[in-house]
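Going down the list, the sequences are from chains B, W, A and H.
Under the numbering used here, the very last position in the first sequence is 1773; numbers go up by exactly one each time.
Under the numbering used here, the very last position in the second sequence is 1773; numbers go up by exactly one each time.
Under the numbering used here, the very last position in the third sequence is 1773; numbers go up by exactly one each time.
Under the numbering used here, the very last position in the fourth sequence is 1773; numbers go up by exactly one each time.
There may be inaccurate statements among the hints.
If chains are identical, the list can't say which one is meant, so a pair holds when it fits in one copy or spans any two.
As the list claims (entries may be wrong) - Okay, derived cross-link-like pairs now, PhoX-like style, lysine-lysine, Cα gap no bigger than 25 Å in a straight line:
1) Lys-1662 with Lys-1564
2) Lys-1564 with Lys-1548
3) Lys-1772 with Lys-1761
4) Lys-1761 with Lys-1606
5) Lys-1512 with Lys-1655
Hint data in this document are derived by calculation from the structure and do not stem from the laboratory.
One letter stands for each residue in the lines below.
Number of protein chains: 4
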Amino acid sequence: MGMVGGGSDAFIGAIHRLAALMDNQIELVCGCFSSDPDISLSSGRSYFLPENRIYKTYREMFEKETRLPAGERMDFISIVTPNVVHFDPARMALENGFHVVIDKPITFTLEEALELKNLIKKTGLTLALTHTYSGYPAVKEARERVQRGDFGKIRRIYAEYPQGWLSSKLEDTGNPQASWRTDPKRSGKAGSMGDIGTHAFHLTEYISGLKATELCAELNVFVPGRLLDDDGAALVRFNNGARGVIMATQVAAGEENAIKIRIYGDKGGLEWTQAEPNTLWLKWTDRPVEMVRTGHPYMGPAAKHNTRTPAGHPEGYLEAFANIYRNFSLTVRARLDGQEPLPLWLDFPTVDDGIRGMQFIDAVVKAGYADAPKWVKF
Amino acid sequence: MGMVGGGSDAFIGAIHRLAALMDNQIELVCGCFSSDPDISLSSGRSYFLPENRIYKTYREMFEKETRLPAGERMDFISIVTPNVVHFDPARMALENGFHVVIDKPITFTLEEALELKNLIKKTGLTLALTHTYSGYPAVKEARERVQRGDFGKIRRIYAEYPQGWLSSKLEDTGNPQASWRTDPKRSGKAGSMGDIGTHAFHLTEYISGLKATELCAELNVFVPGRLLDDDGAALVRFNNGARGVIMATQVAAGEENAIKIRIYGDKGGLEWTQAEPNTLWLKWTDRPVEMVRTGHPYMGPAAKHNTRTPAGHPEGYLEAFANIYRNFSLTVRARLDGQEPLPLWLDFPTVDDGIRGMQFIDAVVKAGYADAPKWVKF
Amino acid sequence: MGMVGGGSDAFIGAIHRLAALMDNQIELVCGCFSSDPDISLSSGRSYFLPENRIYKTYREMFEKETRLPAGERMDFISIVTPNVVHFDPARMALENGFHVVIDKPITFTLEEALELKNLIKKTGLTLALTHTYSGYPAVKEARERVQRGDFGKIRRIYAEYPQGWLSSKLEDTGNPQASWRTDPKRSGKAGSMGDIGTHAFHLTEYISGLKATELCAELNVFVPGRLLDDDGAALVRFNNGARGVIMATQVAAGEENAIKIRIYGDKGGLEWTQAEPNTLWLKWTDRPVEMVRTGHPYMGPAAKHNTRTPAGHPEGYLEAFANIYRNFSLTVRARLDGQEPLPLWLDFPTVDDGIRGMQFIDAVVKAGYADAPKWVKF
Amino acid sequence: MGMVGGGSDAFIGAIHRLAALMDNQIELVCGCFSSDPDISLSSGRSYFLPENRIYKTYREMFEKETRLPAGERMDFISIVTPNVVHFDPARMALENGFHVVIDKPITFTLEEALELKNLIKKTGLTLALTHTYSGYPAVKEARERVQRGDFGKIRRIYAEYPQGWLSSKLEDTGNPQASWRTDPKRSGKAGSMGDIGTHAFHLTEYISGLKATELCAELNVFVPGRLLDDDGAALVRFNNGARGVIMATQVAAGEENAIKIRIYGDKGGLEWTQAEPNTLWLKWTDRPVEMVRTGHPYMGPAAKHNTRTPAGHPEGYLEAFANIYRNFSLTVRARLDGQEPLPLWLDFPTVDDGIRGMQFIDAVVKAGYADAPKWVKF
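So that you can see chain B by itself, here it is in the shape it has in the complex:
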């Protein structure tokens, strides 16, 4: 694995490394860790890399890595830069024969996402998008149970993602996370909806197996002087007639990272919340609520494949993240070995999920600021 971004001053880069390395399947071999060459160098050193594999630009990285012998050069890159710097390194990676892991939202614009899709089609390479929350085993269990019909026909979906960390104008205090996320030039056309609304939206389609077809939304900018939405809510229609509400906010003062989803069919419902990620609640019309927990023999194959500890030994965010890396690396390894990956390994978000995310962003922004509310198809 090589990295683009993820210097020692960056939050999400450290998360990616932890997630990639924990299973002893992936090695960090090179990287361009910052647009500032000094930071890239010092970061790379602190990751125990030899200096000749620490690059000043990602362009240089692709050039030099391509020339290394097959067993030695990186197999894939992980892109953990602000949204505006997603597309170019991804494109170069694919054009140079490297697989790609990329943070969400996949690109700065929908057009870029579609172009990546074309490149993947052309090259046959593999791309994983780190929608972390669908990496949780309990979420995979939810999906399995919904899609095999345990809850009957799905009618109602509530997905919410309240955060509070942008309740004040944090971007003016030098906080780098806040700074680029609230800047339309680096983040894109959406703020909260791009940063976290896409996660909530992804869960609705991932678990339900449905497709959203149109939405009506209101986006808000609560903190004065901010240029992008820091809050919003959308009414969503799904292709089977189900109805959803997607709520995302970064000004719910005092909330941490409380992504939660509830789905109801005509026979029962489910609830999952990231604050208690190893638990899945099943609700029934005629019998007691069940508390399904990861690590038990009664769990389905997807949950089991994505669990590392026995019941009662909580797993968390890093393990969910690591599930994406592990499934991606199992898939890439199989393909490098000329074999067909197992279906369980292919269970990670791809460019198609990235495109759905960009379509959601486009739709929610179009609907969210309209003079009169309207249903926007997507």
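With the hints as your guide, set chains W, A and H onto chain B.
Just chains W, A and H now, with coordinates in the frame of chain B:
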């Protein structure tokens, strides 16, 4: 207290009696407990009433009670019939000098509610509307803390009320609760939004002290053959610029009665859910979440006045209900004695809350079925 | 109902009245509400009693009530005084033909409790002991499920009752509750173990259907100058070989009233905690934990009989208390009518539970201060 | 890092690798992964080790590694074998100049533990004991707050560790975890008390900073035919006069791994449970309960140093485990570099905690089967 409705076959009538009687401040002295005179009679007997105070019609009740001497006749009536039979007994009560407790929604139409308001103005009598959930002491504490500014300027409100009991066509099985609630001729123009959406809406205004000004909504009928909404969601705008989402559904299969509200200002937020009614969560941007609990000396005067047990001795739905009756009866007693009720006693929902509820119903129905979504003012 | 104790300055008396009156089955007709005649009088007036039914002493009450005609005089008395004043009014009531409700622990000494048992045998009268926590419907459901064998052979019981209100020397501040409870002359030979340990102990036998046979304990006095235990823990052996731990403390600073019980058999286990009284957790070795909730059709007959609201409308401490009064009054009424009470009505704590409580106190005190620990049979 | 044990058929070995590798500070370079050379070989290969670093015996490993050049040979070993095979490889490692990570309980007997202590004293090498639960940041926060006096003088400690996985005779089904843990020849003189009771005991001393001085206990064997305790409870006295209860059971059918600790002083108390590991509850006599959460700026230095994700991104068991490895490796690296480790790095369990654990086992076994109960000093 005399009752209209509340025969031994009715759910909500029993609740009203428990709530009214527990504090030893109110006595059940008469009633017309059913439109079926036999049920009225047998019900009245089972409540230990003398036969001459068990009436065949509420008309008869008003006639005969009016003629009784002041110390003997009922002071007020409690109306616990289906919505379509709210207005007429309420009107007659007011016209005959009796105070009124009435179940929500206050009337069948907004016009009736406005007429009740006129009658109350004219007669100076007292009307209490049983929006039970604002009777909880923790909700009153929430209100006190929001309105004194603990959370700063309010920005975001989420109110939800998921139930699952109407997930199937229960009204076809002879269930009387389901039967009238899903019948537009007895329930009014809204189903879930009238029955439970009004409760959620009431909490938003009660706690925040704000007024909703317009909403955009979608109402749904999920169970085939049903005539009224059994589900819906609304985006709501408040008069200070705050934004709300109100969700109410009776087809969230497996949910009980999970009304919940969250309110966020620029300094912090709060969360209250009826499933754990003695707890109020306070959330802060810079310090730990606080779990405020009823019965503690640190609670404010409204919470204290409406709590009967020390901390750790849970109170529930009946006590919340009883708070409305107790405050109403303290108010009526003071007025009967020619005294000014204490402000704490006046803290029960009135005809004005009833009117707001009917306006909410009108607006959400108007918005909820529109061809194109729109903002409906109310 | 007549009352002994329960003046307007007393906590538990108010609870008894709420519990007795809410179901419209019991009327407060007389009482001696305080050893101070003025307080008794003013209390009685505030309860709307005629002055001739407000008594100066309980002796006077028994004398005068006995002379009233049958339909008019009280049917039973409720004794809500400090422990030292339990036995005498109970004895006089039984000797004068009145049924008795009495707060726990039943008496000041075991000998008194045994004498009450003799009197009950002799008179055929009914006595209810207000071990409130076994009045909760979820506790009754637990009992039903344990005793029909759902969890297999019971092995392990944990019962705990942590409170924090006596963490400091509250008795020196004039708090009347603290004052008599920490005074061996009014409370008896045990402090925390008598006041709350007996509740925890009662739950173990009530739910499991087992009998404790011996215990080994340590009692502690943590607050300097206090004369009775404010904390303790006991290892307990049951008659089927099961083992228990009973923990009770009133110096767990910050705890409210957190009584909780867990019972495990060879097939599964259960957990109930009063902080969330409408929920019973069922735990299994081979399938998900189940959350059983009061008010659902799937509940057993005992839970149903003792529930007043539908699922999702929380009941609390007062309703649990009221269940004792209701079952007691149904039983007394049946017996007054010369009929056999239904088994469901007989489900309230009796003099036998009172004796078990006194035996527990004797044993735990004997074991708890021993120089060397020992197993004390009881 | 070299490993003793941890073949691909072992549970805890995989956990150790995940924990050791995730921070990119430790590399697995060699190992003897099983007493079966074939399993050792296939395991080592699956961990991407060269064949010459996969050993048949740990004796061979020490011989060969010692001869490798300094930069190449392993720096420390991780011992993850059944208890009976702890001492010998630990002794050999220390005698050959390798640091040691060892699973708990540290050895088979107390004598062995004391001998390891001598060896460490003599060699100056570093030993870490994997009492995972004190690796959680919320536990470290608890410790910091207790020891700086937030809760006043500590009076009461409850530590419990209920598991249910040994409710039936799992050791007869070929389950390797159950098999050695219930075998006195491989596990030692205690079953549940050694396996999990030591964890609970460790938390009491780690958080409180107190020393237990004596205990009175009962140990039970509930599953017929089992040779070691599968359940037990102990009353414990601490050196400041505080009293504790330690409960450990592996037959609480339906429980997962529910270790929990509560500590109360005269000013307040705390609660932590591994099922919700990122939360620490603070309880106060005069103000609301506080929910302290990892990842917030308000946390103390120890919690911060041991947290990898921002608030709301749950960490779990593997991260707690990794904290031990990270602090150990930071300490070892500093010592290898001739520097003094920071105090924060030294915060991992050592041989002294191992000795305390063995003393606890000795005491609880001595007390737990006595004919008459007694206080056993330790």
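Item to check | Numbers of the earlier hints that this structure fails to satisfy, in rising order | outcome: Structure breaks hint 5 only.
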